[in-house]
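**Student:** Protein chains in written order, with the working numbering: chain A, 1 to 462; chain B, 1 to 462; chain C, 1 to 462; chain D, 1 to 462.
Incorrect hints may have been included.
Unchecked claim - Simulated pairs of lysine to aspartate or glutamate, DMTMM-like, Cα-Cα distance not exceeding 20 Å: (1) A/K200 x C/D127; (2) C/K200 x A/E126; (3) D/K200 x B/E262; (4) C/K200 x C/D160.
By construction, these hints were calculated from the structure, which means they are not laboratory data.
A quick note: this is a predicted structure, and the numbers were derived from the prediction, not measured.
There are 4 protein chains.
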Amino acid sequence: MMFFESLYSPGLAHRSYIFGAAGQAVVIDPQRDCRAYVEIAHRQGAALTHIFETHRNEDYVTGSVPLAALTGARIYHGAHLPFGYGHPVREGDTFRVGQFQLGVLETPGHTPESISLALADLNFSEDPVAVFTGDALFIGDVGRTDLNEDPVAGAYILYDSVRRILALGEGVLLYPAHGAGSVCGAHLAQRSFSSLGFEKAHSPVLQLDRPGFARRKVSENLYRPPYFSDMEQRNLVGAPENPDPPVPTPVPAREFARLIEEESLLPLDIREPEAFSGSHIPGALTMSLDLVPAFAGYLLPYGRPIGLIADGYDAARTAATYLFRLGYDDVPAFLQGAMTQWAAAGLELQSTPGISAMDLEARRERGEPLTVLDVRQISERRQEGAVPGSTHIYVGELPQRLARVPRDQPVVTYCNIGARAIMAASLLQRHGYERVEYFPGSFQAWTARRLPVEEWRQPAVV
Amino acid sequence: MMFFESLYSPGLAHRSYIFGAAGQAVVIDPQRDCRAYVEIAHRQGAALTHIFETHRNEDYVTGSVPLAALTGARIYHGAHLPFGYGHPVREGDTFRVGQFQLGVLETPGHTPESISLALADLNFSEDPVAVFTGDALFIGDVGRTDLNEDPVAGAYILYDSVRRILALGEGVLLYPAHGAGSVCGAHLAQRSFSSLGFEKAHSPVLQLDRPGFARRKVSENLYRPPYFSDMEQRNLVGAPENPDPPVPTPVPAREFARLIEEESLLPLDIREPEAFSGSHIPGALTMSLDLVPAFAGYLLPYGRPIGLIADGYDAARTAATYLFRLGYDDVPAFLQGAMTQWAAAGLELQSTPGISAMDLEARRERGEPLTVLDVRQISERRQEGAVPGSTHIYVGELPQRLARVPRDQPVVTYCNIGARAIMAASLLQRHGYERVEYFPGSFQAWTARRLPVEEWRQPAVV
Amino acid sequence: MMFFESLYSPGLAHRSYIFGAAGQAVVIDPQRDCRAYVEIAHRQGAALTHIFETHRNEDYVTGSVPLAALTGARIYHGAHLPFGYGHPVREGDTFRVGQFQLGVLETPGHTPESISLALADLNFSEDPVAVFTGDALFIGDVGRTDLNEDPVAGAYILYDSVRRILALGEGVLLYPAHGAGSVCGAHLAQRSFSSLGFEKAHSPVLQLDRPGFARRKVSENLYRPPYFSDMEQRNLVGAPENPDPPVPTPVPAREFARLIEEESLLPLDIREPEAFSGSHIPGALTMSLDLVPAFAGYLLPYGRPIGLIADGYDAARTAATYLFRLGYDDVPAFLQGAMTQWAAAGLELQSTPGISAMDLEARRERGEPLTVLDVRQISERRQEGAVPGSTHIYVGELPQRLARVPRDQPVVTYCNIGARAIMAASLLQRHGYERVEYFPGSFQAWTARRLPVEEWRQPAVV
Amino acid sequence: MMFFESLYSPGLAHRSYIFGAAGQAVVIDPQRDCRAYVEIAHRQGAALTHIFETHRNEDYVTGSVPLAALTGARIYHGAHLPFGYGHPVREGDTFRVGQFQLGVLETPGHTPESISLALADLNFSEDPVAVFTGDALFIGDVGRTDLNEDPVAGAYILYDSVRRILALGEGVLLYPAHGAGSVCGAHLAQRSFSSLGFEKAHSPVLQLDRPGFARRKVSENLYRPPYFSDMEQRNLVGAPENPDPPVPTPVPAREFARLIEEESLLPLDIREPEAFSGSHIPGALTMSLDLVPAFAGYLLPYGRPIGLIADGYDAARTAATYLFRLGYDDVPAFLQGAMTQWAAAGLELQSTPGISAMDLEARRERGEPLTVLDVRQISERRQEGAVPGSTHIYVGELPQRLARVPRDQPVVTYCNIGARAIMAASLLQRHGYERVEYFPGSFQAWTARRLPVEEWRQPAVV
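Please model the entire structure based on the sequences and the hints provided.
**Tutor:** Next up, the structure:
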């Protein structure tokens, strides 16, 4: 019997795959905490023999090296980058596992050594039935090309790679390395299943000709989190062999305060926005648990111990796993008893008041001095419009652009629904801004209330 | 082989017991969601044959009837109340299960038909090695006697019952029906294990003589939640046979709002205090998840559908189970996407600001008009003192005593650590009080900051 | 966000589907133990609103009625049979759930009211991206048509239905109601994913023209388990509302023996073949746990209590769930301590010796009187050949054809690998055959040893 | 709040304890696979700060070193042996954790550096409420003293230690390091709870005076598994820091056969006795999964790779954990598909026929040449009698005493219920005995059938 499973890393929206037959198993693009693959394979009576990396990842630490250390499997990757581990494969190489055959297609464009893997079921045909496309072709979109040294050339190269993938046949199932929400593409579909035929017919970017495709790719203006370059380097060298995330220890409030004060522990509050709004440790950064995978790389420096404020042990453990996937291995502590114990110890509290749509509109109408800070992606602002008079700085770039936010008047942050707004507000408070509010419900609440929307005009904001 | 397990219901601090040998199993004081006992017994190769109720419970719905329906086991209870189900047992009755023998002691005082069950291991002796005492004798305390028609007589009767239990021998292990935190006793130890010998020597109430014991019991002034009388009635009649808690359905924000408006859905917010403080549905009651078992019976009417606001599905399911244990079977809904989606729908938000110890002291010092409302149990206020000038109303009695809280000046609520303070604040806001704050950290923060404490003087508050 | 999951019932090889978006969820062809769907939907913040039955099932009890009772969802099914519940749908009916649209195709042939459901993602196109085909079109095969009153007409009708499905487009993903191993088709692929394009090009039966297709369907000679007609009836009427499988109680050996003797308990041994071979209760039927879903309907009568002999509690619970899915609701007991306790009680034991390939060949060579009974499907015998001189009776038909097995000489049973061989051996022993052996490894071991194989000749066996 | 939990290692019947209060946690006698303690402590908001070893264990590898490596906790042990790690403690040392105090008693006798730890709840008293006694005092028995260089002196020393423990008070709860089934004592109670008062009154060995106690200890004749001396050494040096058991890989039948043949893989069959009886790999040793902890140390050499034959993945993982606890770290493989795939590959099978009580009696009566081999402990034979004419060799000593078992006539092995009988049979078969049977149900079946029993006569067997 064969088996086939996809594992999903929330936030990263990363999909890895494991399948096997006849006592062997293959993993494609494993996550760093990789014991689960061993469990799945062994439970199916299969030994893990092959690990493929479709490309050198920039958004998470791959688990290839620790997984190979656990199992003895061989690692394979594209030939056009100098990996410090594993074995290079080239166009046309094939691998057999039971009745399955994996064939290598070189599909550069996202990175120079990107490969796709066409899967054939030899019980039926040598024609492929599915293809693993890494970050070349997604459901509803294609991979980003702006990380290349020459993004224009990268876009043309990707166009050609995608055409070669599509040529595998309309009925071929599409298994990419990311789903909706990934920072590796702009417009991924929420749907988790598709085929080359459906994509060819209905994915907007695939309707463009070669120059149109390149123009679109070049104009995407995707954000590039600062941790990407660090990840690229790690994934070329190979991760350490340890597959187990750090285990944060509960630390009492006063000791937690001392670690912040004296040992540069960075307080990271992963509770829901409303809880952070209600009360938090002064100077804490916040990102709710589900945002950690996507935003830690923007806002957290490497090399500094992280102390978590979480609603409970399970949330702290999950956050430590998310951070481990991004290469943050020093997460020694979580606050015992969370904010209740912090407050009971008589330590200082800070809050981040929420403001309603109607109050914001009233203050705006009255012409009160107020910075209304839109921290969404610029593409959201373009498509949906904005609160009139608001300033735009993407939350991921706020650390570098704080100088643009005036300190002499109140600030209200907003995003689409509020989760990034409070993250931005926490950053401002951490940097000494004193009158900071956030807008719960944010632009969704604004439009639900049918308040006036400022349409996008090109030069207004950069 | 024998097996022995104790199941614990958090919040109720209720302990039930299951043990067995030679293919039979016994349950003592089962909880209403009772499938777990069947699982434990069957996994041990034992059929559930005996269910004992040590007394007619007043604080939760017992699972005897649904458990008997699942398994065919027989239910046994004390003879001195007219139960609508099960079989009465009397002093000296014995039951064999493998090498174990259970002997009945009639130990009234908490209720007239309370029994204790002495457990002997006949492989070693007919002398008991342990005793299940229900609500007669706890670790560090004894059961309450104020629920009797004649509490004074009840106290004397309980004294005699406890003496009879203690006479079983110093080395006898003590297995009561409640642990620390229960509303069924005043001063239960946090420790979950003890013996009759240790209790006899060190439990404070057991050091008193008969009149001293009675005086102490009569002066305890424990609170009596309004749902107790309802529970007593249900437990005499017997619960319905269904062992499965209600399954609340996720409901979108606008529909949830409509249910509140038009179908008298009671919004119950079970998130952490800080989250409720940050933003909540106007008019919602709050009790954080762990407080639901102890406070739902004080604040929630029967016969009205309950809609939960929870941080996630698991919390909603747990709350539904807690409510089911208390006889609230109509929990049809939880708010989909919690407060984030509520805010995004542009619906009204309310907050409950927190106030710090220093700010409270400053406002008090300045003589600002302000009701500082202490919602702890009166016994806590007596023992620990209070914020100077504060008014006392126990949170459980606040619904009946709202008239005592002035509406024309701000109110700050406090308790020991803040969790009951915000519950009280939510009740005030629900009843239209407009300037309500709560004090996070509460009296613990107050004393951690070494602020002045008002000592207890007898007549000041009732 | 959307979600999509497939649940798999092992043995039945039944696939059901749940997906949702925008707070609503849809289930297609639910299994009878249906709480899992509610859990999945609610955890995703979705209320279950639609249940579809692609056809009146004959191989398991559908969970539509209990699932509707748990959730209030509406049930939909094809219009051309008189269901006792739910709502009929017709060609062209559409249903919206968030950005998804389900469109009904009437696709009769397996049953007269079979429907397929085409799924479109309106964010991209009204063209379908996937189709749920029930038992019309499988991966690698099509549904059986021999259950129709007129199988020839059914085959033609199915041909036309399949053509209409294939016309949806090559890139459309295929989600059928069964995977490999199902009794609902003959040659299903082991692969769990495919598209209409891949099937059209590579599924053998789809390469045939209309007459060829009909000829093939008519000549398939699939077995028809006797419980099918019972299931068909149940699924027209609708299952009872209870979604919870029976809970078998551990019963000590002597009492278990008494229940067999006096209360017609049917002993069903679900341990591995080697364990049954080693020792078992005289007269017990065996099918190892994973064979229960596929073979209970052949060998177990309805209306008789079933007592399980299992290696442990978990296996007994799983078997009870499997039996519940087939409509066996009376599973009151499992043998406490399994065969160890049975033996310790001094009760009679029976064994079923295994015979090796070499010993079988030696006895055959020597011309010893011996019935070598091949209990595989006739199609396996045709394709792979047989042990020379062996007699063929399919294990599922053995109860009706016992008279063909001589009682006056030893019998050795074999199948492909041994699991069905020991099932057949247990049936013979139960019916008083005294010299019964089974062949572990069976035909696989035979060919691994390169022993002579008798090729298929048409008239030899029917 | 405090917490208290006992973890149980089945088979070893080893109990470890974890408890904590006020953010700290203590572990007593941790098992080697020690992540569970960290999980328990952190979930309770406590950091693990203290690890105690009550004595140098001889029956399992302690987890102190890996647990300290995971958490930074300090290790404490008795002072009278030269441990290679941790910190020595002495009579009267005390340790505080929240309201709890642990006080050291030196209680030698089982080992020279054994300590007991008296636990006081300072909220109530400085008198102890419980005591952790390691292997000094068990429920129903005391520790073995025969491992001392001078067992007589050891017995006297233990008598004095036990008296000192008992002097702590009748109401003190007893928490020993082992429960019933341990090889560390002879007559442990099946009951898992007791007090010093109950033990003092009812434990048989505690009713003896000092000389009687010593006489009894010296005459116990407990078996000493050969791995004990290895364990003692490891536990003085300290285990490696890795807390994770080996992960056996599924290996196909032919490759498994090759590993046995060419790479000295030791085939260890952990299926139930009936399954081994039915068919097994020729030369495999068997011990059913639950017997692995108690018997691996008798029958398995160190330093040789172990290949498991198991009914499934979970059993293989559990066995690997059991073996890891005993210091067998080289468990690289389990047989993929178990015996079914072995048989299908056409590989050789062996069986171990069972014999019924009546058949055994018949052959005995007829005077057939037959070795009836009783492999129980000699104490069982003494107390319960034996099959007339049977020879006694304890299964644990069979490897050293094979020369006593005649090779020229059939052998039937028996024990109490059959599990050890088949283990012994497998050992005989592995050593080339050709006519080996085992007796399922064994002596229990024999007496259930009321067959004649030979009473114990002193000199008959040694």
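**Student:** Give a verdict on every hint.
**Tutor:** Hint check results:
Annotation: proposed proximity of A/K200 to C/D127 holds, straight-line Cα distance about 13 Å (limit 20 Å). Restraint check for C/K200 and A/E126: the C-alpha separation of about 15 Å stays at or below 20 Å, so the hint holds. For a cut-off of 20 Å, the pair hint linking D/K200 to B/E262 is broken: about 68 Å separates their Cα positions. For the hint linking C/K200 to C/D160, the alpha-carbon distance of about 14 Å falls within 20 Å, and the restraint holds.
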